[in-house]
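So the protein sequences, as listed, match chains U and R.
Its first residue numbered 12, the first sequence is counted upward by one per residue in the numbering used here.
Its first residue numbered 3, the second sequence is counted upward by one per residue in the numbering used here.
Just to be clear, a hint being listed does not mean it is correct.
[To be verified] Label-pair distances were calculated between CB atoms; the ranges are:
(1) R:F380 with U:K128: 51 to 59 Å
(2) R:L458 with U:R70: 29 to 37 Å
(3) U:L237 with R:E314: 55 to 63 Å
(4) U:P90 with R:T423: 46 to 54 Å
(5) U:A333 with R:A21: 54 to 62 Å
(6) U:G126 with R:L458: 58 to 66 Å
(7) R:A21 with U:Y75: 47 to 55 Å
[What the hints assert, rightly or not] Going by beta-carbon spacing under 10 Å, a handful of chain R positions derived as facing chain U:
(8) R6
(9) E238
(10) R239
(11) P326
(12) L335
(13) F338
(14) G340
(15) S383
(16) L387
(17) V390
(18) N495
(19) T497
(20) G498
(21) G502
(22) R506
(23) L510
Simulated from the structure, these hints should not be mistaken for laboratory data.
Cβ coordinates follow ideal geometry from the N, Cα and C atoms, glycine included.
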Amino acid sequence: MGQVSISQIFGKLRGGFVSPLLLRRMGVLGMNARNVNYIARYNDRDKFPVVDDKLSTKRAAARYGIAVPDLIAAFDTQPSRRRVMEVIEPLWQFVIKPARGSGGKGILVIAGRNGDKYVKTSGAEVTALDILRHVSNIHSGLYSLGGKPDRVMVEALVDFDPVFDNYSFEGVPDIRVIVFRGFPVMAMLRCSTHASDGKANLHQGAVGVGIDLASGRSCHAVQRGLRVSQHPDTQMPFGELVVPGWRDLVRLAASCYEMTGLGYLGCDIVLDRKRGPLLLEANARPGLAIQIANGVGLRKRLQHIESLDVEQLEKNVEERVAYSMNQFAAKGSD
Amino acid sequence: MSPRAQVYIIAGLLALMGAGLTIYKNIELGFPLLPGEYRTVWTIEAKVRFTADDGPVKAALTLPREQRNMEVLNESFSSSGYGFNIVSEDDEYRAVWSRRSAFGPQSLFYQLDVHQTPGAALEQPLDLSTQVQKPFLGAREQEAVRLAIYSLVDSARERSSDTETFTTQLLIALGDSRNQDRNLIFGYYKDRSLVDVALVVLSAAEIPAHRIRGLYLEDDRRRLDPEDLLEVYDGERWVVFEPHSGLPGVPKKFFIWQRGGKSLLDVEGGRNSRVTFSVISNDVPAREVAMRSTSREKEALVDFSIYSLPIEQQSIFKLILLVPVGTLVVVLLRVFVGIRTSGTFMPVLLAVAFIETRLFTGLSIFVLILVLGLWVRFYLSRLNLLLVARIAAVVVAVVILMGAISVVSYKLGIEQALTVTFFPMIILAWTIERMSIVWEEDGPYEVVVQAGGSLLVAVLAWWVMTNRYVEHWTFNFPELLLVLLGLILIVGNYTGFRLGELMRFRQLVR
Numbered sequence: 012m013g014q015v016s017i018s019q020i021f022g023k024l025r026g027g028f029v030s031p032l033l034l035r036r037m038g039v040l041g042m043n044a045r046n047v048n049y050i051a052r053y054n055d056r057d058k059f060p061v062v063d064d065k066l067s068t069k070r071a072a073a074r075y076g077i078a079v080p081d082l083i084a085a086f087d088t089q090p091s092r093r094r095v096m097e098v099i100e101p102l103w104q105f106v107i108k109p110a111r112g113s114g115g116k117g118i119l120v121i122a123g124r125n126g127d128k129y130v131k132t133s134g135a136e137v138t139a140l141d142i143l144r145h146v147s148n149i150h151s152g153l154y155s156l157g158g159k160p161d162r163v164m165v166e167a168l169v170d171f172d173p174v175f176d177n178y179s180f181e182g183v184p185d186i187r188v189i190v191f192r193g194f195p196v197m198a199m200l201r202c203s204t205h206a207s208d209g210k211a212n213l214h215q216g217a218v219g220v221g222i223d224l225a226s227g228r229s230c231h232a233v234q235r236g237l238r239v240s241q242h243p244d245t246q247m248p249f250g251e252l253v254v255p256g257w258r259d260l261v262r263l264a265a266s267c268y269e270m271t272g273l274g275y276l277g278c279d280i281v282l283d284r285k286r287g288p289l290l291l292e293a294n295a296r297p298g299l300a301i302q303i304a305n306g307v308g309l310r311k312r313l314q315h316i317e318s319l320d321v322e323q324l325e326k327n328v329e330e331r332v333a334y335s336m337n338q339f340a341a342k343g344s345d
Numbered sequence: 003m004s005p006r007a008q009v010y011i012i013a014g015l016l017a018l019m020g021a022g023l024t025i026y027k028n029i030e031l032g033f034p035l036l037p038g039e040y041r042t043v044w045t046i047e048a049k050v051r052f053t054a055d056d057g058p059v060k061a062a063l064t065l066p067r068e069q070r071n072m073e074v075l076n077e078s079f080s081s082s083g084y085g086f087n088i089v090s091e092d093d094e095y096r097a098v099w100s101r102r103s104a105f106g107p108q109s110l111f112y113q114l115d116v117h118q119t120p121g122a123a124l125e126q127p128l129d130l131s132t133q134v135q136k137p138f139l140g141a142r143e144q145e146a147v148r149l150a151i152y153s154l155v156d157s158a159r160e161r162s163s164d165t166e167t168f169t170t171q172l173l174i175a176l177g178d179s180r181n182q183d184r185n186l187i188f189g190y191y192k193d194r195s196l197v198d199v200a201l202v203v204l205s206a207a208e209i210p211a212h213r214i215r216g217l218y219l220e221d222d223r224r225r226l227d228p229e230d231l232l233e234v235y236d237g238e239r240w241v242v243f244e245p246h247s248g249l250p251g252v253p254k255k256f257f258i259w260q261r262g263g264k265s266l267l268d269v270e271g272g273r274n275s276r277v278t279f280s281v282i283s284n285d286v287p288a289r290e291v292a293m294r295s296t297s298r299e300k301e302a303l304v305d306f307s308i309y310s311l312p313i314e315q316q317s318i319f320k321l322i323l324l325v326p327v328g329t330l331v332v333v334l335l336r337v338f339v340g341i342r343t344s345g346t347f348m349p350v351l352l353a354v355a356f357i358e359t360r361l362f363t364g365l366s367i368f369v370l371i372l373v374l375g376l377w378v379r380f381y382l383s384r385l386n387l388l389l390v391a392r393i394a395a396v397v398v399a400v401v402i403l404m405g406a407i408s409v410v411s412y413k414l415g416i417e418q419a420l421t422v423t424f425f426p427m428i429i430l431a432w433t434i435e436r437m438s439i440v441w442e443e444d445g446p447y448e449v450v451v452q453a454g455g456s457l458l459v460a461v462l463a464w465w466v467m468t469n470r471y472v473e474h475w476t477f478n479f480p481e482l483l484l485v486l487l488g489l490i491l492i493v494g495n496y497t498g499f500r501l502g503e504l505m506r507f508r509q510l511v512r
């Protein structure tokens with residue numbers, strides 16, 4: 012009896028791991044390789060502030076003609092808390108976020124009002140006092156890297172394109188595109204679920220949908236590491252999912268290379284009903300879950316771009332997008 | 003040069019430097035590589051006694067010279083009311099006590115700590131006289147003695163091939179109570195010792211020789227008289243003989259006090275002077291011996307190091323030097339395993355606290371404070387405080403909790419919990435704050451994962467840091483930190499998969 016359970020545990024343990032050689036052959040990029048070979052090599056430290064501070068990102072985006080959600084106001088100091096309330100008083104929908112937050116931390120999305128209360132996208136209600144406390148926390152640097160004092164941004168809530176309505180539950184879907192040396196290399200759609208509490212973080216139970224770079228169609232979908240074919244809450248099959256205006260979206264992502272100067276970049280993009288793709292934020296240290304969502308390793312694609320000659324690297328945005336769409340199209344029908 | 007190659011070169015140089023310094027310190031300075039090595043240190047005390055004649059007194063005691071097989075670690079003297087200085091005359095050191103007037107029995111002490119270094123040969127001084135003074139054996143009544151001496155010399159010469167074997171044969175004959183010649187000689191020189199007689203016979207054979215005074219080092223010996231050895235010049239070098247066995251070589255554990263030269267003790271203005279010795283052995287950690295023996299030479303490595311700090315600071319540094327080892331553990335677990343912790347190096351600080359509190363006390367106190375702190379923090383979050391004020395409030399709450407834990411556990415008789423104070427309070431408060439945010443944003447599961455990860459790493463770091471070998475090496479060979487630095491640089495270059503990723507990406511392979 013005891014022996015059986017021990018061997019079971021053993022089998023489970025071994026079954027839980029895969030051989031690193033196999034992963035390598037699959038072209039999977041690991042965290043260490045990402046840090047040493049890509050972030051350290053292609054992302055200059057002095058260019059980080061542009062992406063680490065969302066206000067700077069917005070400013071740079073304006074200079075390069077990249078569409079972003081409207082900034083309503085930004086606040087620098089603690090005593091401006093009263094002004095924050097004045098600003099949001101007439102608003103029906105808005106987003107409060109820290110300028111230097113990371114990993115989506117500290118973002119408060121208000122989708123409506125209910126009397127004195129503010130209604131979050133999840134349906135939960137918060138009071139004005141809660142919002143004030145949140146603003147104060149942001150100012151004190153609770154969500155910022157290294158705990159430095161931070162600024163508060165009040166942003167207009169994106170008028171989401173309804174195309175994803177059935178693929179997202181209690182939250183907003185966004186599209187992450189990895190751009191390497193200006194070439195888009197991989198994309199995924201992050202759909203929140205009931206399990207993820209309306210958040211788009213894959214490790215919290217959101218569904219990661221791999222998007223074919225060539226067509227904008229979903230090619231693979233994963234929840235908590237397991238392959239799924241339909242949204243767990245809305246039961247919508249992912250096979251029918253197509254991102255509208257895909258080429259524009261990829262072009263927007265690719266143009267972030269010029270804007271930030273970062274070689275290895277993750278762009279988070281949302282689709283607005285009227286304005287099309289908007290850059291939500293750029294990330295100098297994008298995670299590796301996109302490989303799981305796509306069921307494909309990143310390493311081979313990155314190495315392909317690294318092997319390009321100088322002339323090919325000097326292509327403009329349009330040429331790079333065309334090259335990537337052609338080069339990294341999903342193979343087969345899965 | 004690519005950054006990667008630079009890393010390997012720098013890491014290699016650092017490791018080489020650290021290892022080289024370590025080997026030098028081990029071999030040349032005698033720092034032990036393993037903990038728990040003990041060396042025997044002999045404390046020898048010379049006691050000079052005499053009866054003063056109510057007038058000016060001057061006592062001079064010959065002091066041992068530096069010798070290769072014995073290392074003098076420390077010397078001290080005690081002599082109340084006497085002036086003391088060490089004079090060097092004719093390649094000899096003498097301790098001189100002096101006083102304008104003294105009366106009655108007097109005792110003067112000279113003490114030194116010696117460490118015997120194994121294997122080193124006896125040093126040959128260059129300026130020992132090889133001149134031979136023939137003994138005065140002219141008188142009539144000494145005829146028989148003279149004949150006996152020459153007969154001894156002749157028979158020894160017959161049975162020997164060189165000076166060394168001659169001396170051995172002679173000493174054997176002198177020790178043989180059945181030998182008639184020998185008995186005759188000793189009958190004449192009634193109050194002389196074996197070495198005295200041997201010196202007379204050797205000078206008759208025209209062989210340069212002198213006496214060596216010294217002590218056999220045995221534990222807990224008191225009122226020892228110095229013992230004599232014989233040293234003979236064989237034409238090229240001086241050879242030491244043990245007079246009773248007649249064998250060449252310095253006996254084991256023999257400490258040479260005086261070699262040739264004049265008397266051991268001279269007293270002016272006193273009578274019945276005598277010097278006796280006592281010997282005690284102490285087992286002292288090898289590191290201490292190494293420290294003491296190098297201190298006089300002021301080895302730069304030792305002098306410009308933490309050993310030059312006061313003891314109290316040294317014990318602090320003992321702990322500080324363990325911190326890099328803890329960080330190495332964190333680096334290894336992060337890079338090769340991929341354990342998520344709350345605050346990258348917070349586990350190291352926890353491990354340092356665990357060292358002081360013992361593991362299980364530390365673990366339970368930490369969990370207790372974390373749980374209570376989170377509870378306090380959740381209440382505080384309803385009060386709409388500014389962040390810094392809230393964390394300050396948590397700090398105060400943590401301090402009160404610590405005090406309460408100490409008092410309650412003390413009353414219950416658990417004194418272990420009093421070590422609660424070793425936890426870094428501010429760090430704890432920040433951890434509580436961060437954990438409560440994680441709780442709000444990612445749920446309690448993530449809190450358990452992060453706190454558990456932190457604790458796991460902290461326990462592993464504690465386990466490595468309390469290893470007696472690690473403790474010994476970091477404190478005695480701080481230059482090993484260079485090796486550690488090199489290792490960290492190389493690990494920082496690792497681009498392979500983490501253990502956690504082998505699980506995380508398993509769905510990709512199917």
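Legend entry - Hint check, failures only: 1, 2, 4, 6, 9, 10, 11, 12
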